[in-house]
Amino acid sequence: MASYLFPAGGRRGTTVDLHVGGLFLHKDASWELLGPGVKVQSPRLAPTPTRWFEGAMLPLTESQQTEDYPKDTASQVAVASDAALGVRRGRVWTAQGASSGLAFVVGDLPEIVEQEIDGDPLPVDVRLPVTINGRIFPRQNVDIWTFPLHKGQIVACEVNAARIGSSLDSYLEVLDPDGRTIAENDDALGADSFVRFTAATDGKYAVHIRDANGRGGPTYVYRLTLTSDPHLDRVFPLGGRRGEATPFMVYGQCAPADPVEIKLPADGPYDFFWRLSYGNGKATNSLLLDLDDLPEMTESEPNDQPAQARKAALPAMLNGRIERPGDVDWWSFSAHKGEALVLELRAQQLGSPLQGVLTVCDAQGKELAHGEAAAGRLDPVMTFAPPADGLYCVRVADRFHTRGGPEFAYRLRIAPATAGFHLQLTADVLTLPRGGSAKLKVTADRLGGFTDAVALTIDGLSTGVKAANLLIPAGQNTVEIAFSADAAAAIDVSRLTIRGEAKKDGKPIVEKAVLPAARGQPETDTVLLAVALPTPFKIVGAYDMRLSPRGSVCRRHYRIERGGYDGSIEVCLSDRQARHLQGVHGPMVLVPAGANEFDYVVEMPPWMEIGRTSRACVMGTGVVKDGGVERCVSYSSVAQNDQIIAVMETGRLSVEAEKLTIVAARGKSVAVPVKVGRAKGLVGPVKLEWTLPGRLHGVSAEPVVVAADQSAATVTLHFTADATGPFNMPLILRAVLTDKGDPVTAETKLEVVPEN
Numbered sequence: 001m002a003s004y005l006f007p008a009g010g011r012r013g014t015t016v017d018l019h020v021g022g023l024f025l026h027k028d029a030s031w032e033l034l035g036p037g038v039k040v041q042s043p044r045l046a047p048t049p050t051r052w053f054e055g056a057m058l059p060l061t062e063s064q065q066t067e068d069y070p071k072d073t074a075s076q077v078a079v080a081s082d083a084a085l086g087v088r089r090g091r092v093w094t095a096q097g098a099s100s101g102l103a104f105v106v107g108d109l110p111e112i113v114e115q116e117i118d119g120d121p122l123p124v125d126v127r128l129p130v131t132i133n134g135r136i137f138p139r140q141n142v143d144i145w146t147f148p149l150h151k152g153q154i155v156a157c158e159v160n161a162a163r164i165g166s167s168l169d170s171y172l173e174v175l176d177p178d179g180r181t182i183a184e185n186d187d188a189l190g191a192d193s194f195v196r197f198t199a200a201t202d203g204k205y206a207v208h209i210r211d212a213n214g215r216g217g218p219t220y221v222y223r224l225t226l227t228s229d230p231h232l233d234r235v236f237p238l239g240g241r242r243g244e245a246t247p248f249m250v251y252g253q254c255a256p257a258d259p260v261e262i263k264l265p266a267d268g269p270y271d272f273f274w275r276l277s278y279g280n281g282k283a284t285n286s287l288l289l290d291l292d293d294l295p296e297m298t299e300s301e302p303n304d305q306p307a308q309a310r311k312a313a314l315p316a317m318l319n320g321r322i323e324r325p326g327d328v329d330w331w332s333f334s335a336h337k338g339e340a341l342v343l344e345l346r347a348q349q350l351g352s353p354l355q356g357v358l359t360v361c362d363a364q365g366k367e368l369a370h371g372e373a374a375a376g377r378l379d380p381v382m383t384f385a386p387p388a389d390g391l392y393c394v395r396v397a398d399r400f401h402t403r404g405g406p407e408f409a410y411r412l413r414i415a416p417a418t419a420g421f422h423l424q425l426t427a428d429v430l431t432l433p434r435g436g437s438a439k440l441k442v443t444a445d446r447l448g449g450f451t452d453a454v455a456l457t458i459d460g461l462s463t464g465v466k467a468a469n470l471l472i473p474a475g476q477n478t479v480e481i482a483f484s485a486d487a488a489a490a491i492d493v494s495r496l497t498i499r500g501e502a503k504k505d506g507k508p509i510v511e512k513a514v515l516p517a518a519r520g521q522p523e524t525d526t527v528l529l530a531v532a533l534p535t536p537f538k539i540v541g542a543y544d545m546r547l548s549p550r551g552s553v554c555r556r557h558y559r560i561e562r563g564g565y566d567g568s569i570e571v572c573l574s575d576r577q578a579r580h581l582q583g584v585h586g587p588m589v590l591v592p593a594g595a596n597e598f599d600y601v602v603e604m605p606p607w608m609e610i611g612r613t614s615r616a617c618v619m620g621t622g623v624v625k626d627g628g629v630e631r632c633v634s635y636s637s638v639a640q641n642d643q644i645i646a647v648m649e650t651g652r653l654s655v656e657a658e659k660l661t662i663v664a665a666r667g668k669s670v671a672v673p674v675k676v677g678r679a680k681g682l683v684g685p686v687k688l689e690w691t692l693p694g695r696l697h698g699v700s701a702e703p704v705v706v707a708a709d710q711s712a713a714t715v716t717l718h719f720t721a722d723a724t725g726p727f728n729m730p731l732i733l734r735a736v737l738t739d740k741g742d743p744v745t746a747e748t749k750l751e752v753v754p755e756n
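If you read the sequence shown in this note's numbering, its first letter stands for residue 1, the second for the next number, and so on.
Be careful, since some hints might not be right.
Stated by the list, open to error - Subject to a maximum C-alpha distance of 35 Å in a straight line, what follows is the list of computed DSBU-like cross-link-like pairs (lysine-lysine):
{"no.": "1", "residue 1": "Lys503", "residue 2": "Lys441"}
{"no.": "2", "residue 1": "Lys538", "residue 2": "Lys466"}
{"no.": "3", "residue 1": "Lys687", "residue 2": "Lys740"}
{"no.": "4", "residue 1": "Lys441", "residue 2": "Lys512"}
{"no.": "5", "residue 1": "Lys263", "residue 2": "Lys512"}
{"no.": "6", "residue 1": "Lys668", "residue 2": "Lys687"}
{"no.": "7", "residue 1": "Lys507", "residue 2": "Lys439"}
{"no.": "8", "residue 1": "Lys466", "residue 2": "Lys39"}
{"no.": "9", "residue 1": "Lys151", "residue 2": "Lys282"}
{"no.": "10", "residue 1": "Lys659", "residue 2": "Lys740"}
{"no.": "11", "residue 1": "Lys625", "residue 2": "Lys441"}
{"no.": "12", "residue 1": "Lys512", "residue 2": "Lys466"}
{"no.": "13", "residue 1": "Lys538", "residue 2": "Lys441"}
{"no.": "14", "residue 1": "Lys749", "residue 2": "Lys204"}
{"no.": "15", "residue 1": "Lys439", "residue 2": "Lys504"}
{"no.": "16", "residue 1": "Lys263", "residue 2": "Lys39"}
{"no.": "17", "residue 1": "Lys27", "residue 2": "Lys39"}
{"no.": "18", "residue 1": "Lys39", "residue 2": "Lys439"}
{"no.": "19", "residue 1": "Lys740", "residue 2": "Lys538"}
{"no.": "20", "residue 1": "Lys687", "residue 2": "Lys749"}
{"no.": "21", "residue 1": "Lys337", "residue 2": "Lys366"}
{"no.": "22", "residue 1": "Lys39", "residue 2": "Lys625"}
{"no.": "23", "residue 1": "Lys39", "residue 2": "Lys282"}
{"no.": "24", "residue 1": "Lys441", "residue 2": "Lys504"}
{"no.": "25", "residue 1": "Lys439", "residue 2": "Lys512"}
{"no.": "26", "residue 1": "Lys749", "residue 2": "Lys668"}
{"no.": "27", "residue 1": "Lys311", "residue 2": "Lys504"}
{"no.": "28", "residue 1": "Lys263", "residue 2": "Lys311"}
In short, the hints are calculated from the structure, not lab data.
Starting from the given sequences, assemble the full structure and let the hints guide the process.
Pasting the structure below:
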């Protein structure tokens with residue numbers, strides 16, 4: 001399962017090192033990016049260490065929810081210097097299936113990648129303009145980016161996260177040089193934040209970004225663009241006619257006051273991106289323009305009453321905006337009985353906040369039709385059948401009378417209903433078990449009263465794979481294509497193209513099935529079908545629940561149902577857990593070939609809350625030879641009988657430092673008296689050792705052993721003359737006693753304050 005890309009994009013003309021995170025990727029995962037201008041340097045993903053930050057303890061009941069622990073793999077993406085700006089979609093596959101949902105953004109500003117650290121946030125200086133690739137990890141994390149400004153400079157701060165599938169619901173806060181909040185925003189571009197502010201004085205300003213709900217994790221990636229250069233917000237009208245020079249009002253940071261004439265290409269795409277050029281070959285961010293072939297008209301006020309409606313000669317594209325709360329726009333047109341019309345509003349799909357409502361009335365003001373956005377759509381589309389020849393009016397309004405403004409723009413397309421259909425995929429990946437079956441739903445979006453059957457064809461099926469149910473019956477909108485793979489089908493991926501064909505007036509209509517996307521983002525017109533190798537073995541257990549002191553180990557017995565597999569199996573904690581692990585960790589254990597039973601041991605953290613129930617799940621991976629090729633397969637289960645269930649009780653070992661805080665005295669050593677406590681029956685020496693973060697500069701310490709008959713000791717921290725830390729988190733003193741071969745642990749924290 002694909003989870004994230006980090007960083008989630010890169011600049012034109014660069015090669016980007018990135019991590020592809022996901023579940024159950026193991027050792028033989030591959031991936032691809034779709035679209036021009038980007039190239040995955042090697043499809044095979046390379047194993048790489050996964051960073052993990054534990055973060056604050058999760059409260060009940062949040063800690064009782066399922067939790068994923070994606071693992072990192074490494075790759076490189078080369079971005080062409082002339083690559084089109086915007087999103088590319090990514091897909092991942094292994095011998096056991098395929099997954100999609102990854103997004104990589106091509107940009108053209110300088111980019112940096114956050115160097116993630118644990119502990120309290122540390123400000124990082126950046127130079128504008130810049131696109132920052134960051135991640136809110138762990139939960140409650142805040143990233144702080146600082147930069148100098150002169151009085152009067154205007155800065156735009158835009159987050160791109162939710163729009164590319166990130167888990168982050170961003171919140172931006174801007175602080176002035178005195179640390180006062182001068183601007184903040186939660187949701188502006190969907191769930192993504194946007195702030196624009198003007199520097200009131202010279203000095204260093206800071207932008208803080210966090211999750212609005214205090215969450216965080218490896219999937220909470222973001223791209224934050226900061227710029228004081230021209231940055232455009234919107235245009236009016238929202239689009240134009242292909243092949244025509246059209247004047248547009250442009251709005252935004254340092255935008256021109258006069259209309260800008262844009263020559264729209266005669267063969268331009270439905271989604272046309274335009275950038276305003278300015279000094280020395282520079283250009284602004286891209287704005288999405290809607291292109292069509294119909295004649296264009298623009299509203300003229302007043303038009304709040306049917307008598308004031310501007311008459312349109314159909315077919316036409318009508319441009320307007322709901323300029324103030326309570327405003328409505330009326331348009332009129334002539335229509336004929338028996339000639340159905342399609343009225344399609346384009347507003348939210350083009351970035352307008354308008355929640356449009358369409359109302360069609362006859363010349364006497366009687367309402368004949370009403371349309372709002374249907375489920376799964378952003379804007380209303382309706383078919384109107386005129387009951388008689390005559391003059392009709394259509395009203396455009398916002399769903400809520402209290403909303404409106406210059407940004408509430410729309411385009412209303414009115415044209416004769418043309419019979420036809422579009423085909424939509426519900427997914428662009430499908431996992432098909434060898435020797436098994438899988439289904440893929442395809443939907444026909446019927447237009448202009450089209451009701452005939454649609455025959456489907458599929459290109460790209462590999463040997464041993466078959467497809468059935470290749471007909472969408474007349475009058476129906478969906479079909480589930482049934483795929484099957486025989487027992488000899490190759491373990492591989494294929495890229496399928498699905499087309500639908502029907503006839504209208506004796507002429508064929510052929511449409512390709514696509515996975516829909518938001519306007520301005522690419523649709524996917526292939527299905528990655530993965531013939532998957534089933535895992536022959538299972539790891540099973542009997543229900544077991546026990547008390548476990550925190551800071552101790554919990555041992556669980558499992559047996560293996562091998563299903564004919566006789567190789568070795570690596571066992572570790574699973575990528576998918578029934579509950580948040582809350583610091584529980586376990587080793588990689590190799591179960592030898594032929595062994596049918598094993599014990600797995602997990603360590604309970606000494607800080608775990610007493611009374612909490614831990615439910616850890618394990619995962620086994622093995623290598624199966626298939627047709628002379630070694631394939632990695634895995635098995636995991638979150639079933640209750642297979643969990644390591646332990647209820648936390650008081651720990652058996654304790655450690656306490658007499659000092660809670662010390663000063664990092666440069667060039668000196670600081671002694672810290674410590675006491676250890678052993679529960680009844682726990683005997684033996686205790687090893688005391690500081691856990692020092694790798695980024696900590698100029699600090700060292702030696703482990704100390706407290707003899708079995710002693711309970712007090714002194715541990716010493718040494719600070720070099722140039723000890724700079726950073727001291728943004730407590731140092732952890734860990735105590736370990738070995739009891740019958742198993743570790744018993746305790747921890748205490750020590751705050752370190754930098755020397756003035």
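(message) Does Lys466 sit within 35 Å of Lys538, going by the straight-line distance between their CA atoms?
(response) holds (29 Å)
(request) Measure nothing beyond the straight line between the CA atoms of Lys507 and Lys439; if it is 35 Å or shorter, mark the hint as holding. (result) The given pair, whose Cα atoms are some 31 Å apart, holds under the 35 Å limit.
(request) Starting from Lys27, check that the Cα of Lys39 is at most 35 Å away, please. (result) holds (22 Å)
(request) Measure nothing beyond the straight line between the CA atoms of Lys337 and Lys366; if it is 35 Å or shorter, mark the hint as holding. (result) holds (17 Å)
(message) What's the verdict on Lys625 and Lys441, does the C-alpha distance respect the 35 Å limit or exceed it?
(response) Answer holds: Lys625 to Lys441 is near 33 Å, not above 35 Å.
(request) Sort out whether Lys204 lies within 35 Å of Lys749, counting only the CA atoms. (result) holds (33 Å)
(message) Please verify whether Lys668 and Lys687 have alpha carbons no more than 35 Å apart.
(response) holds (24 Å)
(message) Tell me if the straight-line CA distance from Lys659 to Lys740 falls inside 35 Å.
(response) Answer holds: Lys659 to Lys740 is near 32 Å, not above 35 Å.
(message) For a C-alpha distance cap of 35 Å, please report whether Lys512 and Lys466 respect it.
(response) Measuring from Cα to Cα gives roughly 19 Å; hence the hint holds.
(request) Assess, step by step, whether the Cα of Lys439 is no farther than 35 Å from the Cα of Lys504, and give holds or violated. (result) holds (29 Å)
(request) Would you mind confirming whether the straight-line C-alpha gap from Lys740 to Lys538 stays at or under 35 Å? (result) holds (31 Å)
(request) Would you check the hint for Lys538 and Lys441, treating anything up to 35 Å between C-alpha atoms as holding? (result) Holds: Lys538 and Lys441 sit about 31 Å apart, inside 35 Å.
In the structure shown, no violation is registered for any of the earlier numbered hints.
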